[in-house]
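A.B. asks: Residues per chain, in single letters:
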Amino acid sequence: MTSPAPIADPRETPKPDPAAVPALAIDGVSHSYGPRRALIDVSFNVQPASFTALLGLNGAGKSTLFSLITRLFGIQSGRVGIFGHDVGRSPGEALRLLGVVFQPRTLDLDLSLTQNLLYHAALHGISRREASARSAELLGRIGLSDRAGSKVRDLSGGQMRRLEIARALLHRPRLLLLDEPTVGLDVKARADIISHVRQLVTEQGIGVLWATHLFDEIMAGDDLVVLHQGKVLAQGPMSRVITEAGAQDVNTAFMRLTGAQTMPGGGA
Amino acid sequence: MSSITTRDAPRGFSAAEYMTCLTGIVWREGLRFLHQRERFVSALVRPLVWLFIFAAGFRQVLGISIIPPYETYILYEVYIAPGLMAMIQLFNGMQSSLSMVYDREMGNMRTLLVSPLPRGFLLFCKLLAGTAVSLLQVYAFLLIAWFWDITPPPWGYLTVLPALVLSGLMLGSLGMLISSGIKQLENFAGVMNFVIFPMFFASSALYPLWRVQEGSPYLFYLCAANPFTHAVELIRFALYGQINWISLAVVAACTIVFMIGAILAYDPSRGLARRGPAGGEG
Chain A
1 MTSPAPIADP RETPKPDPAA VPALAIDGVS HSYGPRRALI DVSFNVQPAS
51 FTALLGLNGA GKSTLFSLIT RLFGIQSGRV GIFGHDVGRS PGEALRLLGV
101 VFQPRTLDLD LSLTQNLLYH AALHGISRRE ASARSAELLG RIGLSDRAGS
151 KVRDLSGGQM RRLEIARALL HRPRLLLLDE PTVGLDVKAR ADIISHVRQL
201 VTEQGIGVLW ATHLFDEIMA GDDLVVLHQG KVLAQGPMSR VITEAGAQDV
251 NTAFMRLTGA QTMPGGGA
Chain B
1 MSSITTRDAP RGFSAAEYMT CLTGIVWREG LRFLHQRERF VSALVRPLVW
51 LFIFAAGFRQ VLGISIIPPY ETYILYEVYI APGLMAMIQL FNGMQSSLSM
101 VYDREMGNMR TLLVSPLPRG FLLFCKLLAG TAVSLLQVYA FLLIAWFWDI
151 TPPPWGYLTV LPALVLSGLM LGSLGMLISS GIKQLENFAG VMNFVIFPMF
201 FASSALYPLW RVQEGSPYLF YLCAANPFTH AVELIRFALY GQINWISLAV
251 VAACTIVFMI GAILAYDPSR GLARRGPAGG EG
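Those protein sequences? They're chains A and B, same order as listed.
Take the first sequence: its letters are residues 1 to 268, numbered as in UniProt numbering.
Take the second sequence: its letters are residues 1 to 282, numbered as in UniProt numbering.
Everything labelled a hint here was simulated from the structure, so no lab data went into it.
Backbone N, C-alpha and C define an ideal beta-carbon position, used for all residues, glycine too.
Just to be clear, a hint being listed does not mean it is correct.
Output of the computed footprint for chain B on chain A, the stretches with three or more beta carbons under 8 Å from beta carbons of chain B [stated by the list, open to error]:
1) 63-72
2) 114-125
3) 219-229
Selected chain A positions facing chain B (in silico; Cβ < 10 Å) [as the list claims (entries may be wrong)]:
4) R96
5) L97
6) F102
7) P104
8) L107
9) D108
10) D110
Extracted from the complex, chain B is given alone in its bound form:
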């Protein structure tokens, strides 16, 4: 046994240690995801129900004119596919934060937070791990959608990847920000209703914004200001090998703001401490 009494000089952490930590967190999130098969199935069924039933029903009702990035008339199914991809990420982001609330209640969050690596980095890893899980879900959805005649150009599957990573991070940090303000698991159902549904419906996921503008200018402004609209548009353009710069800027800015907010909210002196001790105080 080595001598235990001398005081080491601070040595910091190497890049390899950061990488080990990051891959470890992503690996665990992946393992947990594989153990929750019903979560994977429900993550896929939700958008597929929209695609197979809702879109089929609305195909005749809503006419879509030629708008960028599309170059021809498209079916309604094709229009809502990017919105459904973003919806998968929205649900996943909220679900990851649900698991963080749940983790904290189960004490697992403690295991993460007593790691000696900087806390901001640990939370960033956690967000990235959640995003990786959402990518699995989105690509599984795209595979099934391909058989439903949603066939973006082949390179689109690749160009959409960075867009999905960014939107996944944005929605994940939003979820984390919200979850750190929640004390109990039950409150999360309310957040689902007050965050997920308004974000999804007041966006360009289901209908192009010019159609919304015809109906209600106020709703149009609301939709245009909704970060989720920009996540959808970023994905939509990227899927056809194009960049929507405004959406990219909005999503990037929101990601930074939400992530900093989420990390600060988890700061022990501002977050946990204000809530009081987790679990039974002894």
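Okay, chain A solo, but in the shape it has when bound:
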């Protein structure tokens, strides 16, 4: 996590220093639904090969931010860049590098696991043969190879989430967004998914933005962005955010920053 870097013009030649290009750059983004302001001048970066937790209560603006990054909503003010590609101006190049797992389930329940993956691959223009190979490989990695032909409807909640993560990785993105991916899952399934995603960061160098309101999903080395009522209250490495808030742990730091009285769940 560093201060927001300006989004480079995609027509420029690549800069010699690759570290200068963040995986995700949010730069002065504001968004309103009519008179209600959902996001107010939000700026932060996600670096490649880092795990950034976007921490906020329900209604903080996390889903709005995700909708802006994924181009579902038009950007009203500010800029969003993915590896230097502006989402507003060259969405195709930006979205190609982005994998996303939305909070609501977005699988075709009546289609098989493989069919769901092949459909997603087609949406990214990946040829059928290549898509079949990648699907088989990813299903193996999430331990669902033997279920490849069954309907998604028959999977458990945790298995569906794992499938959604596999699907988000199918086009080999370098930035992965997950919007409260562990909501409604049991302890085991949650732990599996968290360790899987952390593995992606360390082994494949994917930049991850993980939205959550569960403090126990955050680890010491993570970057933190605290979003409250549409504003970024604090950002930086977890230890720094805690120290600056004059607290001992994330939970207390979050309470001090937001002035929240009670925690919504999940102690630190």
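Following the hints, put chain B in place on chain A, whose structure we already have.
C.D. replies: Below, chain B without anything else, positioned relative to chain A:
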């Protein structure tokens, strides 16, 4: 693992990638259709009820004179067959958009819209996929109708295909345009009543327009201005290897207008954004 930090130069999308995307969307729509067998049956039963019961009953009441493209006196069943084909497409177009509303509520529309390909193209693919499904229904209907003595010339089955594609696209984009203005699934029942039935009855599907004119000139103007009338006439002429140029022009123009409208209505800054966030905001 490849290096992940360099910034790629924009490379755009190849024609092959567009084709893969198009076939993928059509393929999925086909799969979903096969999984909804009751939808296929009801899509067939509806026009067949009209054909077997309504047309049989009205055969004696309505006399049809010789009007183009027919060269002889025809049975009433033969007259309404093209109207029923268009009706299949009308219902299918509305149902596809129903599924888009439903998809959006289920989050499936998100999967489609985060594809990196241009959004207008994605929606066009979606429309084409819906039209392909309607073609399956129409040809199944024509097969059954053949046993009911509705026997257009053999090449008519081929010449009607482009007409069906165009009318399917027109009705599909109309449905998409309407669906993007709907917030909830329940509202769609109202649209059925306010769009499907008036469009169907105020058209040349069930009675030739010259008969309508005898009854009420105002209704005649309404029917003549109804795009659905022109979809029916386009199909009717094409089924006999002829082109009704006026209908072709009207249907083509309406397709373009409805499609642009539908795509603009789905534009994030004009459509989704105005409705607010889909699902629970977090």
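A.B. asks: Against each hint, give a clear statement of whether it holds in the structure.
C.D. replies: For each hint, the structure was consulted:
1. 63-72: Check passed, 6 qualifying residues.
2. 114-125: holds (count 9)
3. 219-229: violated (count 0)
4. R96: holds, 4 Å
5. L97: holds, 8 Å
6. F102: holds, 6 Å
7. P104: Because about 4 Å separates P104(A) from the closest Cβ in chain B, which is inside the 10 Å limit, the hint holds.
8. L107: holds, 8 Å
9. D108: holds, 7 Å
10. D110: Hint on D110(A): holds, closest Cβ of chain B at ~4 Å, below 10 Å.
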